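Asks: What follows is the residue order along each chain.
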Amino acid sequence: MDCKSSDTLPGPRTEDRLPHTAEAAVKIVIVGGFGVGKTTMVGSVSEIRPLTTEETMTQAGIGVDDDYGSASKTATTVAMDFGRISITDELVLYLFGTPGQERFWFLWNGLFEGALGAVVLVDTRRLEVSFDVMGRLEERGVPFVVAVNSFPDAPRHPVADLRAALDLPEEIPIVDCDVRRRASSRDVLLTLTRFLHSLAAKGALA
Amino acid sequence: MTAPQRRRRTSRQPDPPDAGEAARKEGETQNPERLFVIGGDADGERAALDLVTLIVARADPPASATPEQAALLRLCAAPLSVAELSAYLRLPFSVVTALLTDLLAAGLVQARAPIVRQTVADRNLLEAVMHGLQKL
Ligand SMILES: Nc1nc2c(ncn2[C@@H]2O[C@H](COP(=O)(O)OP(=O)(O)OP(=O)(O)O)[C@@H](O)[C@H]2O)c(=O)[nH]1
Ligand SMILES: [Mg+2]
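Sequences listed follow chains A and B, in order.
Going by full-length UniProt numbering, the residue at position 164 of the first sequence is 164; the numbering climbs one at a time, nothing skipped.
Going by full-length UniProt numbering, the residue at position 37 of the second sequence is 37; the numbering climbs one at a time, nothing skipped.
Excised from the complex, chain B in its bound form (with noise of 0.2 angstroms):
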């Protein structure tokens, strides 16, 4: 076989857990429009949501609901992902992140924390996952 060669690497320290969020709210500085336009609150702390945190409606849409916010509450009446959230809306991932900090602070939907990995993984949670697929 004449394939060009890898090198294996090591694992390094791992990243400061804020370290994407820092790049992110640097990003975020230099293009302030696209926050005025929909973000709300530029400078406010963003909730931590996951691609896959569950988000369920607590309410219907308050008559004062932007039409984002009123959209978004009606999407998830049943537990709907923060990505497909905004597959559905047509919203990047920051703004609709953005959308759902003013709607948790509200008390207007409940967040779902996802299952994240371990260094230890749960291995009842592989085990069901396992069962889950052999079942496609």
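Only chain A is shown next, with the shape it has when bound in the complex (with noise of 0.2 angstroms):
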């Protein structure tokens, strides 16, 4: 640790700054239920200690929505953790743990369309909490996996029940993992990325 006088201001550590090659990133998205796992996914496979990036909202800046009441005017603030992985010199992946309510996402332009891919992290003993954050997807056109963290008390389920109970097509892969575990985390951004892969390479046949 260096000491530095008080009146400076954090910022990244020396070993967490960037190349100045740096050039471009690009993003992955977390998507997931309340208490999904998204937080600790994000921490195992970062790089650097993991930000947090806040946005704040009023009533009137989440007007479509239905079960948000309308009688509080006060500001609400959104968190969003993330992560970074430098890929090459020139190119830094960054990976952004998302709440799974869609009424927060525009709050982060493009956050969604300009991904990458993303991965909707499921529970099995609460399924249902990541349907909609699914179809959301589906609606978006967003390229997703699904990785099923494995929680010690939670049902296990043959894969081809999950994918009849989430009505996934043949292609989506389905990954057990623990967010916990770095490599477990990393495996299923793999999954991701050989599966947009073989996305890209139907697209350029076609």
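Treat the hints as calculated values from the structure; they're not laboratory data.
Since the model is a prediction, treat every value here as computed from it, not as a measurement.
Each statement offered as a hint is correct.
Lysine to any residue pairs mimicking SDA-like chemistry, simulated, CA-CA at most 25 angstroms apart:
1) Lys135(B) / Ser46(A)
2) Lys135(B) / Arg117(B)
3) Lys202(A) / Asp187(A)
4) Lys135(B) / Pro173(A)
5) Lys202(A) / Met130(B)
6) Lys202(A) / Glu171(A)
7) Lys202(A) / Ala128(B)
8) Lys202(A) / Val175(A)
9) Lys135(B) / Ile48(A)
10) Lys135(B) / Asn124(B)
Two chains, each in its own frame: build the complex with the hints.
Replies: Here it is in structure tokens:
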């Protein structure tokens, strides 16, 4: 640790600075219901200490929303955790752990539209909490894979049963993971990237 | 397996590209206070900045810089994403975007646009990402 004077604003640690050659970034979104392990996954694969970006919105900013009662006029802060993985000296990958409720998504311009793809984290004890987010991704044409975060007391289902319950076509990967483990989280990201690659290959042939 | 059953949805026409911006603008007009605190020109155009647009300072903070601008310029002596700037400065994404719009106009920072998903994603790009992940 270097001793900086107290008036110095916090910034990246020396080892967290990107090289000047960093030219462009890509992003992947990790999305899922409350408490499903998004923050844990971002933290386990990130090369930097995970960070949080916030956005503030008012009642009016979420006007289309139905379950946000019109009684309160107070500002709501929505936080999103993110991490980073350097791919090459030129290319950086950012991972965003995003709240599952679509009403927040507009706050971050093009978060989903520009993402390479998404990981939908599910908990088999509460499978239905991820239904809506999958539908939203389908509507927006955002490619995704499903990662089943294996909590110890969660029921285990054969992939075929999960696929049927989630009504997912055969080509969409469904994988088990333990988001607390770096290698496991990394493998989920690799599964997504391979899937995206197969889509790109198909697109190129068509 | 006794689980609830989902129904697949199909892709709909994408939102017009400025739909999010329109919603954001609407939110801002309802909350002018915040903009007058730090946001600068509330009616001005915002630069199209993504969470992962990389920002690099082109100059040291000029004497005329506000404390927020100076802090931002010092942070991005090396490239840093808008998201990271927001996190380190503890400012909302929209406020950082407004700050950056002014700094870009003044030529004090450079913005390196992200690579976004395309209908047919670049296979070379995805292969680079795969190799990068495999090294982890
Ligand atoms: N046993 C077990 N616990 C886990 C696993 N993943 C996450 N947890 C725990 O579950 C809790 C919720 O995980 P988070 O990563 O905070 O989940 P989140 O999706 O970010 O939650 P919200 O942001 O609150 O919606 C934490 O206490 C984690 O330590 C897992 O794979 N196994
Ligand atoms: Mg979280």
